[in-house]
Amino acid sequence: MSAPYLSAEGMTGGYGAADILHDCTLTVDRGQIAVIVGPNGAGKSTAMKAVFGMLRLRAGRVTLDGEDITALSPQARVAKGMGFVPQVANVFPTMSVEENLEMGAFLRRDDIRATMEQVYALFPILRDKRRQNAGELSGGQRQQVAVGRALMTQPKLLMLDEPTAGVSPIVMDELFDRIIEVARSGISILMVEQNARQALEIADRGYVLVQGANRFADTGAALLADPEVRRTFLGG
Amino acid sequence: MDILNAIVALANFVLIPAAAYGAQLALGALGVTLIYGILRFSNFAHGDTMAFGTAMVILVTWALQGAGIGIAPLPTALLALPFGIGLTAALVLGTDRAVYRFYRRQKAAPVILVIVSMGVMFVMNGLTRFIIGVEDIAFDDGARFIVNARAFRDATGLDEGLALRSTQVITLVTALVVVVWLFWFLNRTRTGKSMRAFSDNEDLALLSGINPERVVMYAWLIASALATIAGTLYGLDKSFKAFNYFQLLLPIFAAAIVGGLGNPVGAIAGGFLIAFSEVGVTYAWKKVAGYVLPFWEPDGLLQLLSTEYKFAVSFVILIAVLLFRPTGLFKGKSV
Ligand SMILES: Nc1ncnc2c1ncn2[C@@H]1O[C@H](COP(=O)(O)OP(=O)(O)OP(=O)(O)O)[C@@H](O)[C@H]1O
Ligand SMILES: [Mg+2]
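As they're listed, the protein sequences go chains Z and V.
For the first sequence, this note's numbering begins at 1 and goes up steadily by one.
For the second sequence, this note's numbering begins at 1 and goes up steadily by one.
Just so you know, the hints here were simulated from the structure itself, not pulled from any lab data.
All values reported here derive from a predicted model rather than from experimental measurement.
It is possible that part of the hints are untrue.
Within a straight-line C-alpha distance of at most 27 Å, the following computed DSSO-like cross-link-like pairs (lysine-lysine) qualify [as the list claims (entries may be wrong)]:
1. V:310 - V:286
2. V:241 - Z:156
3. V:241 - V:310
4. V:193 - Z:80
5. V:193 - V:107
6. V:238 - V:310
7. V:286 - V:238
8. V:287 - V:310
9. V:107 - V:331
10. V:193 - V:331
11. V:193 - Z:129
12. V:331 - Z:129
Covered by chain Z, per the in silico footprint, the following chain V stretches (three or more residues, Cβ under 8 Å) [what the hints assert, rightly or not]:
13. 190-196
14. 205-211
Part of the chain Z face toward chain V, derived, beta carbon under 8 Å [said to hold, decoys possible]:
15. 71
16. 74
17. 75
18. 94
19. 95
20. 99
21. 102
22. 103
23. 106
Cβ coordinates follow ideal geometry from the N, Cα and C atoms, glycine included.
Could you put together the complete structure from these sequences and hints?
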């Protein structure tokens with residue numbers, strides 16, 4: 001078996017003196033979907049930030065496609081092909097939908113129109129709203145802008161922190177379908193999800209994070225079948 | 001006839017001067033609002049940046065005049081403006097390197113940066129006085145009037161004269177050009193959009209690969225240019241005195257806050273609102289009233305506030321806005 005595309009091993013660290021993450025390990029294989037689930041405050045968002053270089057780690061290392069990127073700034077990681085959609089404040093509210101997408105492609109110097117067309121094909125509502133400010137959209141539409149913005153860099157690894165937060169069940173199904181579609185196009189995905197059952201169903205790999213540490217790690221299907229995971233985290 | 005006289009008097013003493021003053025305040029407020037939007041603090045050194053920039057323009061103007069170079073009938077200062085902007089930008093960028101960057105790296109709270117900017121203000125203030133002195137300096141050469149009061153009276157046969165000074169027209173035209181350019185830059189260019197993105201959501205801008213130091217550098221560059229232009233226009237219109245620019249800080253901040261800090265449209269609207277209020281409240285309306293209501297013989301001059309108190313106008317408007325609409329009239333960031 002080849003080495004995983006993204007590998008974050010033994011991440012330990014936090015925002016201040018106290019550690020939030022304790023020897024947390026996450027890996028994603030090329031073109032696959034990895035899902036992190038866990039209770040509120042478990043450190044899922046913190047782990048995502050650590051993978052993206054937005055947190056100073058005391059221990060652990062992050063490699064992307066075999067290259068050690070532990071010391072790189074978030075911007076440098078964007079240039080390496082990583083895209084991140086944070087859990088909150090993930091759009092530019094006073095800029096139009098189209099400008100949000102343009103900003104996603106900020107580092108690119110080539111023609112971005114084809115990628116923008118792909119995003120509009122993926123999220124047709126954004127095409128209709130492209131002149132409207134992102135701050136004036138509904139929560140679900142805003143999430144689509146956020147994902148679209150991250151796709152504009154043409155990332156090889158897309159990291160999504162609760163992309164379905166605050167969206168209706170129908171839009172949620174839709175968004176999950178879109179995410180699978182993105183993964184099929186060869187983009188690796190690392191995703192935090194509150195809708196654990198549904199997320200694990202589409203996950204090639206799943207992690208249950210509790211108090212900043214890996215409690216369970218297995219394939220999505222195996223976690224769904226595990227009686228203890230079901231009892232403690234999936235509500236039976 | 002009386003109505004026409006009233007209109008001419010109004011234009012001559014209120015509308016034209018307030019429009020020119022409003023344009024100067026708007027340019028100043030744009031600089032303050034831009035720095036607030038990008039660096040997230042109120043830059044108290046902006047008034048003295050204007051003074052320093054104007055001083056540089058005056059020095060270059062003198063040099064050009066000495067060399068016999070001019071663009072008559074326009075004032076030589078307009079020719080000196082780009083050089084003044086360059087020198088001011090050098091000082092401001094140097095200050096950012098030496099002072100602000102240190103606090104930025106420490107992720108200092110905005111209130112600390114405000115205090116730091118006060119320190120910068122005192123240093124710049126001293127530097128300007130040291131270089132050019134404290135006296136009043138008139139550096140407007142060029143044609144004085146486009147329409148002169150006597151000629152206007154003779155031509156129209158009205159009792160009231162209308163004077164239109166060239167500096168007033170230059171102020172309005174320059175301000176218009178600068179504002180159009182600024183909005184084009186912010187809304188159409190890649191760099192301008194990245195500045196708006198940074199102002200909107202700093203973290204997400206980083207996640208999009210936008211380089212914060214570059215955005216900050218452009219913000220300082222544009223603020224230096226705006227400050228120098230605003231300061232020079234004000235100096236041409238009135239005269240240059242270092243201390244006056246320090247005093248201008250209040251109406252400029254009032255304009256930026258009334259419009260909504262961080263919002264460029266708001267800064268422009270705020271500039272004109274403050275200017276018209278200030279001029280309107282300190283103008284003696286007796287003459288205009290005499291034309292419109294000839295039967296009424298008021299006792300006083302119909303002046304709400306004597307001109308020494310003009311800064312109180314900014315202050316009152318500022319407090320009213322902060323009380324009733326803290327984010328300003330045009331939805332800026334809350335203070
Ligand atoms: N910026 C921050 N500064 C300090 N502590 C933080 C910060 N963000 C999060 N924390 C703390 O880190 C811990 C983990 O938070 P985190 O946001 O990673 O949880 P989470 O698993 O994403 O939760 P949720 O499911 O609610 O999004 C919490 O105890 C939180 O208080
Ligand atoms: Mg979270």
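Checked hints:
Annotation: proposed proximity of residue 310 of chain V to residue 286 of chain V holds, straight-line Cα distance about 18 Å (limit 27 Å). At roughly 59 Å between alpha-carbon atoms, residue 241 of chain V and residue 156 of chain Z are farther apart than 27 Å, so this suggested pair is violated. Annotation: proposed proximity of residue 241 of chain V to residue 310 of chain V holds, straight-line Cα distance about 18 Å (limit 27 Å). Only pairs whose Cα atoms come within 27 Å are accepted, and residue 193 of chain V paired with residue 80 of chain Z is accepted, the gap being roughly 23 Å.
Annotation: proposed proximity of residue 193 of chain V to residue 107 of chain V holds, straight-line Cα distance about 24 Å (limit 27 Å). As the CA atoms of residue 238 of chain V and residue 310 of chain V are separated by approximately 16 Å, the hinted pair is consistent with the 27 Å bound. The suggested pairing of residue 286 of chain V with residue 238 of chain V holds, with an alpha-carbon distance near 25 Å, which does not exceed 27 Å. For the given pair, residue 287 of chain V sits about 20 Å from residue 310 of chain V by alpha-carbon distance, which is consistent with the 27 Å threshold.
Of the supplied pair hints, the one linking residue 107 of chain V and residue 331 of chain V holds, its CA atoms being roughly 26 Å apart against a limit of 27 Å. Using a Cα cut-off of 27 Å, the hinted pair residue 193 of chain V and residue 331 of chain V holds, with the two alpha carbons roughly 19 Å apart. Between residue 193 of chain V and residue 129 of chain Z the CA atoms are separated by roughly 19 Å; this keeps the pair inside 27 Å, and the hint holds. For the suggested pair residue 331 of chain V and residue 129 of chain Z, the alpha carbons sit about 22 Å apart, so the restraint of at most 27 Å is met.
Residue count for the region 190-196 of chain V with a Cβ under 8 Å from a Cβ of chain Z: 4. That meets the three needed, and the coverage hint holds. Counting residues of the region 205-211 of chain V whose CB lies closer than 8 Å to any CB of chain Z gives 7, so the stated coverage by that chain holds, three being the minimum. Evaluation of the residue 71 of chain Z hint against chain V yields a violated restraint, the C-beta minimum of about 16 Å exceeding 8 Å. A distance limit of 8 Å between C-beta atoms decides the matter here; for residue 74 of chain Z the minimum to chain V is near 5 Å, and the interface restraint holds.
Proximity of residue 75 of chain Z to chain V holds as hinted, the smallest CB-CB distance being about 5 Å (cut-off 8 Å). Of the supplied interface hints, the one on residue 94 of chain Z holds, with its beta-carbon coming within about 5 Å of a beta-carbon of chain V, less than 8 Å. Restraint check, residue 95 of chain Z versus chain V: the minimum CB separation of about 6 Å is within 8 Å; hint holds. Interface hint status for residue 99 of chain Z: upheld, as the beta-carbon distance to the closest one in chain V is roughly 6 Å, under 8 Å.
Interface hint status for residue 102 of chain Z: upheld, as the beta-carbon distance to the closest one in chain V is roughly 7 Å, under 8 Å. A hinted interface residue such as residue 103 of chain Z counts as satisfied when its beta carbon comes closer than 8 Å to some beta carbon of chain V; here the least separation is about 5 Å, so the hint holds. At its closest, the beta carbon of residue 106 of chain Z sits 5 Å from a beta carbon of chain V; the interface hint therefore holds under the 8 Å criterion.
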